[in-house]
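J.: Listed below are the residues making up each chain.
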Amino acid sequence: MKIEDFQPEFAALPGAAPVWHGALDPGRLRPLCQDVRSAGGRLVALWGSQGGGPSFALHVAVAVQQGLAVASLPLEREAPAFPDISDIFPAAGRMQRAVADLLGFQAAHAADRRPWLRHGHWPADRFPLSKEFDGTRAFPPEGDTYPFVAVEGEGVHEIPVGPVHAGTIEPGHFRFSVVGEKVLRLEQRLGYTHKGIEKLFEAMTVEQGARLAGRISGDSTVAYAWAYAMAAEGVSGSTPPPRALWLRALFLERERIMNHLGDLGALGNDAGLAFALAQFSRLKEDVLRTNQALFGHRYLMDAIVPGGVAHDVDFRGFSRIIEEITELEREVPRLKRIFEDHAGLQDRFLTTGRVKPDLAARLGLAGLAGRASGQSWDLRAQFPCAPYDGLEVRMATHRGGDVAARVTVRFEELTESMRLCRILLRKMPEGETSTPLNPMQPAGLGIGWVEGWRGEVLLALHTGEDGALRRVHPHDPSWHNWPVLEHAVIGNIVPDFPLINKSFNLSYSGHDL
Amino acid sequence: MNQTAGILFQLGQSLLLVAVAPLWLGWVNQWRAWLQNKRGAGLFQPYRGLAKLFNKEALLAHRASPLFRATPYILFGCMWLAAGIVPVLATSLPYSPAADVIALVGVFALARVFMALAAMDVGTAFGSLGARREMLIAFLAEPALLMVFFTASLISHSTALTTIVETLAHKQFALYPSMAFASVAFLMALLAENARLPVDNPATHLELTMIHEAMVLEYSARHLALIEWASSIKLLTYTVIGIALFLPFGIAQAGDWSALPVAVGALLAKLAVAGPGLALLETLSAKLRIFRAPEFLGTAFLLAVLGMLTHFLLET
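Just so you know, the protein sequences line up as chains A and B, in that order.
Residue 367 in the numbering used here sits at position 343 of the first sequence; the count goes up by one each step and never skips.
Residue 76 in the numbering used here sits at position 68 of the second sequence; the count goes up by one each step and never skips.
Pulled out of the complex, with its shape left as it was, chain A reads as follows (with noise of 0.2 Å):
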């Protein structure tokens, strides 16, 4: 289906991400949907907002074969609602029930309404994402109590986890219904990370808001500050430097690496081979000190910023990382080779927490955990800006669905990062790395749209008619493949849950904002 197709119609929105934009009767939504669906699109975001051209509006974000398509969706002011499309992308179904606990907006007919981001620290009645809402008062906590669903059977009994942990690792509860050591189900409960990002952004200033965006999820601060830059110079109609977003695929490919460096490690370790621990966090650890030597931070926080990027790189920068680049390129292959080689290591990860590709595909599996279960989306090779255009981009895929599957998925783009950042810098033009960004237009909407390590990261930002920032909406990945998770636990045992779920790797912070 295309997007030309859409009634009403959709215009392109100005910007580096191939993006269309139109408003939507709310009665229309579902068809829209249902078209988006049996043509092999998916949901990508869904976000509320308030204030500037219609009061309420909700906006909706699907992904078709041409790019993006967001559907903004007037609302009543009194008891907005709008038709659930949780039965059509069953993403969805978290999603409705943030809008509705930070908005008030209610999915209609909509099978789970319980809370998901409110844990009792603000009145169900007062929506923090209001104008009204002053986010600076506090609230007395009520009494938090989540009803989870109950599995009932002879010798069924519930192991709950967290949001405590026993390592240094961010909150989440998770509530296994166990049989023996067999899982039957899992059900999550996140939201213990809320910090009221989306709120802050509200006051403050373009500028502020990059820093802000860079802090999401530190592991990913070069994706969503990409992403965030993206947005405001498609607002703004203002163009980086072609320099400038050289140097921003070569932080976003060493994220990637590190990221990647990093989990390869810690999956070794929970299958309990230290060894692998030790050797990837060495690399890992050098990649992170080139950072701070060059970039003036591990995590390459600040480095992308609206406009350009605020670090160039010289040509003994240039040697360093391509001497790095070289040594990464010897070790590698070399862990690649024990991984594979390792009976014990392997019989964990065989078959083990496995997302067969026809669920993936009907729940929704996104970037890196969908890509090793079939669904292949990798937004550098298919809607390529630049510059990935020019760099020609190979998609990691595999069919197995498990753990084995995500690891080979992670050696293949750590391989394939790192053939792009020997492009990157061979072909780096000259040039400047950053230009001032034009006024922001008022009541405006700018997407930024960018592949991290993890998934594709969206953020959302929308002008006021002062052409300050009104509402800015990121979007982590790990929105899609938390309930997944929920699903590829069942059936396996309990103590395998941890290296799955490592598999995974997904976000808290940037999923509960």
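Everything labelled a hint here was simulated from the structure, so no lab data went into it.
The beta-carbon is built from N, C-alpha and C at its ideal position, and this holds for glycine as well.
Among the clues, some could well be false.
Stated by the list, open to error - Using 20 Å as the maximum straight-line C-alpha spacing, the simulated SDA-like pairs for lysine to any residue come out as follows: (1) 308/A to 353/A; (2) 278/B to 188/B; (3) 308/A to 44/B; (4) 46/B to 301/A; (5) 64/B to 53/B; (6) 206/A to 302/B; (7) 46/B to 286/A; (8) 46/B to 358/A; (9) 380/A to 422/A; (10) 206/A to 303/B; (11) 219/A to 161/A; (12) 155/A to 128/A; (13) 360/A to 422/A; (14) 46/B to 359/A; (15) 451/A to 349/A; (16) 278/B to 178/B; (17) 46/B to 306/A; (18) 206/A to 300/B; (19) 451/A to 414/A; (20) 60/B to 50/B; (21) 46/B to 313/A; (22) 46/B to 362/A; (23) 46/B to 310/A; (24) 206/A to 136/B; (25) 46/B to 355/A; (26) 223/A to 145/A.
As the list claims (entries may be wrong) - Anything over 10 Å on all C-beta distances counts as not near chain B; from chain A, calculated: (27) 35; (28) 46; (29) 59; (30) 100; (31) 102; (32) 166; (33) 217; (34) 435; (35) 459.
Once you have looked at the hints, place chain B on chain A.
T.: Relative to the frame of chain A, chain B by itself:
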């Protein structure tokens, strides 16, 4: 006079084992670190860990019963007792006839039962999870261990450890094919019983994968220190049992005090080699899926039985 010296020697030997057990664990851990290209925390790290725990305030769950409080002491006592009846340096142990190898397995079992009961006492999900898994591993490891001991007993016509070791070390020099099978079985049982890789991972922080660690999650301060100390004594005791059964050469004969310095030197040399050996095994293996553990221990049992059959076929 000789009797008093014997008693003092047995007491001294058990105290020595208790005192150096953390050092031996430190040695193993140091090698684990080296084998992973890490620097390691040093040989004395386990002592520092224990000192830290002994200086902390002990916290107990509200509904903890006296059993929960008593278990660390029982555990420590059991391991001390076990360390006391194993011939480490000499085979002259006056109290050895009181406890033979079957009793030794029983002492380990007693400690395990209390540990499992204490784990379930507070009623947390992880405690019960760990206790359940521990029992799964134990009921498979114990028969293998007993079979190994029986093979040794058949060779020496006694179930007393001192007699067994005396026979193997001094009576007649012979190579026993049966003991080769038994030694592999014993090593596998040792790994399982001491919560080492590939059966359990002593270094993990993942609650859901733990076996032994899951049972001690609710313990703190001195209770935890005693449990950890007891674990290190257990590991050392198992190792010296293995050494006494399969590499007894150099151990001092009953009443022969002049052989003691040689015995000490021999033991130190054997332990020094056993440490890196254990560390190497653990570094090379990934953790088994928990339902592969029965296969692992089944193999151990099978090897032990094979050892016994070999004894009947070739050695009688």
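J.: Against the 20 Å threshold, does the CA-CA distance of residue 64/B and residue 53/B hold or violate the hint?
T.: 17 Å, holds
J.: Checking one constraint from the list: CA of residue 219/A to CA of residue 161/A, max 20 Å. Satisfied?
T.: Cα-Cα ~13 Å, so holds.
J.: Is residue 46/B within 20 Å of residue 306/A, Cα to Cα?
T.: Between residue 46/B and residue 306/A the Cα gap is close to 10 Å, so the pair holds against 20 Å.
J.: Going straight from one Cα to the other, do residue 278/B and residue 188/B come out at no more than 20 Å?
T.: 17 Å, holds
J.: Please verify whether residue 360/A and residue 422/A have alpha carbons no more than 20 Å apart.
T.: Distance of about 17 Å is within 20 Å: holds.
J.: Taken at face value, is the distance from the CA of residue 422/A to the CA of residue 380/A at most 20 Å?
T.: 10 Å, holds
J.: Going by Cβ atoms, does residue 166/A stay more than 10 Å from chain B at every point?
T.: Nearest chain B Cβ is 25 Å from residue 166/A, so the label holds.
J.: Given the proposed pairing of residue 46/B with residue 359/A, does the C-alpha separation stay at or below 20 Å?
T.: Holds: residue 46/B and residue 359/A sit about 17 Å apart, inside 20 Å.
J.: For the pair supplied as a hint, residue 46/B and residue 358/A, confirm whether the alpha-carbon distance does not exceed 20 Å.
T.: Given pair residue 46/B, residue 358/A holds - Cα atoms ~19 Å apart, limit 20 Å.
J.: Starting from residue 451/A, check that the Cα of residue 414/A is at most 20 Å away, please.
T.: Answer holds: residue 451/A to residue 414/A is near 10 Å, not above 20 Å.
J.: Could you check that no beta carbon of chain B comes within 10 Å of the beta carbon of residue 46/A?
T.: Given a closest Cβ separation of 47 Å, the condition holds.
J.: Hey, does residue 102/A actually stay past 10 Å from chain B on C-beta?
T.: Per Cβ check, residue 102/A is outside 10 Å of chain B; nearest 46 Å; holds.
Of the numbered hints given earlier, the model fails none.
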